[in-house]
Each structure stands twice: as structure tokens, then as C-alpha cells.
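Residue-level listing of the chains:
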Amino acid sequence: MMIILSKGTLENVYAAFVLANGARMEGIEAEMFFTFFGLEAIHKQKLEHLHVATVGNPAMHIPTMLGGLPGMEALATTMMKKEMEKVDMPGVLEFLEILSASGVRLWACKLAMDMFHFKKEDLFEGVEGVITVGDFYKQSAGEGVHMLFI
Amino acid sequence: METTLAGKTISINEEGYLTDFTQWDEKVGETIAAEADITLSPRHWEVIKYLQNEHRNQVALSIRRVGKSGVVDIKEFYALFPKAPLKTATKIAGIPKPASCI
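So the sequences go chain by chain: A and B.
Residues in the first sequence are numbered from 1 upward in steps of one, following the numbering used here.
Residues in the second sequence are numbered from 1 upward in steps of one, following the numbering used here.
Source of the hints: derived by calculation from the structure; they are not laboratory data.
As the structure is a prediction and not an experimental result, all values here were calculated from the model.
Please note that the accuracy of each hint is not assured.
[Unchecked claim] A few chain A positions that, by computed beta-carbon distances, are all more than 10 Å from chain B:
{"id": "1", "residue": "Lys46"}
{"id": "2", "residue": "Asn57"}
{"id": "3", "residue": "Met60"}
{"id": "4", "residue": "Lys81"}
{"id": "5", "residue": "Phe118"}
{"id": "6", "residue": "Asp122"}
{"id": "7", "residue": "Gly142"}
{"id": "8", "residue": "Glu143"}
[Unchecked claim] Derived coverage of chain B by chain A (criterion: at least 3 residues anywhere in the stretch with Cβ under 8 Å from a Cβ of chain A; other residues may be distant):
{"id": "9", "stretch": "16 to 25"}
{"id": "10", "stretch": "59 to 66"}
{"id": "11", "stretch": "84 to 98"}
[Unchecked claim] Pairs of lysine-lysine residues, derived as DSS-like cross-links and limited to a Cα-Cα distance of at most 30 Å, are as follows:
{"id": "12", "chain 1": "B", "residue 1": "Lys87", "chain 2": "A", "residue 2": "Lys86"}
{"id": "13", "chain 1": "A", "residue 1": "Lys138", "chain 2": "B", "residue 2": "Lys75"}
{"id": "14", "chain 1": "A", "residue 1": "Lys120", "chain 2": "B", "residue 2": "Lys68"}
{"id": "15", "chain 1": "A", "residue 1": "Lys82", "chain 2": "B", "residue 2": "Lys97"}
The beta-carbon is built from N, C-alpha and C at its ideal position, and this holds for glycine as well.
Taking the hints into account, I'd like the entire structure generated from these sequences.
Set out below in C-alpha cells:
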């Protein structure tokens with residue numbers, strides 16, 4: 001299972017993490033490619049500060065005007081994290097450690113790294129390397145490989 | 001349904017998990033492990049006993065919980081039971097498959 005994460009909102013990051021971990025739990029190989037805002041999920045200084053999107057997300061049931069008010073994202077994030085803890089969902093860093101220990105291979109997108117001026121040292125230690133999209137496609141070669149874009 | 005494992009008649013579900021833990025013994029565990037190409041070492045047994053104990057205490061099992069148990073870390077858990085560790089280890093232990101996504 002090859003999972004591309006291009007978003008840095010908490011709900012998307014968790015979706016990608018659960019899918020990758022779930023694959024390993026079923027004995028399926030899994031690799032993740034972090035690109036654009038998805039890089040925030042593996043950036044050491046940023047990964048603990050990811051937020052839920054409160055604007056432009058009708059399923060949050062918060063009127064868009066209110067969702068844009070200062071502090072709304074933080075409030076919604078705190079509430080969601082509380083619910084996540086109840087269902088035994090780990091925090092972002094702990095989840096990365098679980099993925100790493102479970103054998104999920106983690107890759108950062110070179111183009112996005114250059115664009116955001118991130119360095120390899122800025123990233124979670126479990127990230128194996130900074131690679132191009134072509135490298136990731138090469139990693140994905142073979143029959144029966146599935147690719148998900150989040 | 002019923003099957004014969006280690007010379008005993010055992011009730012299992014369609015995925016091969018024991019439906020009656022009282023029918024389980026170490027020989028049954030070894031037979032299920034052999035089907036998954038696993039030879040049980042003392043480390044395997046420590047993990048299996050831990051899982052059975054958690055099940056007895058009605059704890060919902062997940063990879064995260066196993067990793068935090070102090071009995072085995074996640075890396076070793078995957079090394080001991082390659083492929084699907086939680087599914088395989090619980091099957092060998094004779095307890096139900098955990099309904100966990102994490």
C-alpha cells in the first residue's frame with residue numbers, strides 16, 4: 001500500500017496514518033510519501049501542532065463564519081484530540097514511532113522540501129530519505145500495488 | 001465449525017480462531033503457529049501468555065497497547081509474528097481476533 005499524504009490537517013494526517021498502520025497489521029507492506037503540507041506531519045517542530053480544519057468543512061457542522069474566528073481551530077482540535085484519546089488513538093509523534101516500528105517506510109518529497117526550505121534534519125528520525133516522485137514510483141513498481149492519495 | 005488440531009476436536013470460526021478457549025492448550029497453540037510457519041520460542045510464549053492474560057481481563061487489544069505493555073515492543077512483535085502480528089498471535093493464543101484499527 002503506497003500512501004501519498006499531501007495535506008497537513010489533523011484529520012487527513014490521521015486518515016493516512018491509520019491506513020498505513022492498518023495495512024501493516026494485515027501483513028501488507030506499506031510506504032508513505034509526504035509532500036506539500038503533508039510534510040508538516042513529519043516536521044519535528046510542527047508535527048505536534050497540527051490542527052483540524054474548521055473552515056470549508058461542512059461535516060464539522062460549524063458555520064464557516066464562526067470557523068474562521070481566532071481560536072476556533074485550536075478549540076476544535078483540542079476536542080477532537082480528547083475523543084481520539086478515548087478510542088486509544090496515539091498522538092502524531094507516537095503514531096509515527098508506531099509506524100516506523102511496524103515497518104512502514106517513510107519518505108519525504110524532495111520538491112516540497114526545497115520549496116518549504118526544510119532540511120532532512122528537521123524531519124522525524126524514522127524518515128528514510130528525501131526522494132523524487134520518480135523514486136517513489138519506482139518504489140511502487142510491481143503487480144498488485146495500490147496507491148492512495150490523501 | 002469443528003476441526004482437529006493436535007489430535008483434539010476444536011471449535012473454530014470461519015477465520016480459524018478458537019471459539020472456546022477451554023479447548024486451547026500449548027499443543028494446539030503450537031499447531032496453529034506451525035500453520036503460520038512460526039516455531040514458538042520462549043519469547044513467543046511470553047507474548048502469548050500476556051495476550052491471554054489481557055483477554056482474561058477483558059482488555060481490548062491493539063498494537064499500541066501491546067507496544068506499551070513492557071512485555072514486547074512493536075518492532076519485536078512484528079519480528080516474532082511476521083505479517084499480521086496481532087491477528088496471528090491472538091489466533092495462536094486461542095483468543096478472539098481483536099477488532100482494532102490501531
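Comparing the hints with the structure gives:
no. : hint                  : result
1   : Lys46                 : 23 Å, holds
2   : Asn57                 : 22 Å, holds
3   : Met60                 : 22 Å, holds
4   : Lys81                 : 15 Å, holds
5   : Phe118                : 27 Å, holds
6   : Asp122                : 24 Å, holds
7   : Gly142                : 18 Å, holds
8   : Glu143                : 19 Å, holds
9   : 16 to 25              : violated (count 0)
10  : 59 to 66              : holds (count 5)
11  : 84 to 98              : holds (count 4)
12  : Lys87/B with Lys86/A  : 23 Å, holds
13  : Lys138/A with Lys75/B : 26 Å, holds
14  : Lys120/A with Lys68/B : 29 Å, holds
15  : Lys82/A with Lys97/B  : 27 Å, holds
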